[in-house]
Amino acid sequence: DTAVSQTPKYLVTQMGNDKSIKCEQNLGHDTMYWYKQDSKKFLKIMFSYNNKELIINETVPNRFSPKSPDKAHLNLHINSLELGDSAVYFCASRGSGAEQFFGPGTRLTVL
Amino acid sequence: DAKTTQPTSMDCAEGRAANLPCNHSTISGNEYVYWYRQIHSQGPQYIIHGLKNNETNEMASLIITEDRKSSTLILPHATLRDTAVYYCIVRVSLNNFNKFYFGSGTKLNVKP
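Line by line, the protein sequences give chains A and B.
Numbering (the working numbering) for the first sequence: 2 to 112.
Numbering (the working numbering) for the second sequence: 85 to 196.
Just so you know, the hints here were simulated from the structure itself, not pulled from any lab data.
Any given hint could turn out to be false.
To be verified - When the alpha-carbon atoms are kept at most 25 Å apart in a straight line, the in silico DMTMM-like pairs for lysine to aspartate or glutamate are as follows:
1. K42(A) / D71(A)
2. K42(A) / E115(B)
3. K183(B) / E54(A)
4. K183(B) / D39(A)
5. K20(A) / E100(A)
6. K191(B) / E54(A)
7. K41(A) / D95(B)
Produce the complete structure using the sequences and hints provided.
The structure is reproduced here in structure tokens:
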């Protein structure tokens, strides 16, 4: 009965590769987010989508391209991966209430 | 561009109240204060939020100063399972959409 799920949980890849992380929520929420948590545990918002429409893009490099095929899904595609992209990426969703529900995270390691 | 500052870590004895402080001196009048916690690299978990008034729920209490420049999260009876990183967050509303600014977090160590 997972509310917000992400796949994969771990992703290890070489520099220069292209990879995708998937997020799905079964809460019926309209708004979804991607956050990046760096090695110092600092969480920073990357993107926000509402009803499949991009609302917030926090000066993230063009190599990151979110895609929302429907309200329940927000995927993150990353081109030409760099060492600095290594982090834990969290997906979250929010309905009409105040709370954001976070997924379990995807730990990306770029070698 | 963090809008909050928190101590890096705190210790608390099991069964005692844990009081976690947060400074948000640049907060604007319509910006809410939220608290989330993150246990062992899991996804952050909502605890409580407030605007001006003190708030209480089944998990915690939130005390916001009258000038709103700081707040304190109170866990009334800390247990070992409350060991986590606690994030104080300012929620900014932009064109009817909300953006969370996470602080650097306080690692709370609850000790037996």
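Q) Which of the listed hints are broken here? A) 1, 5 and 6
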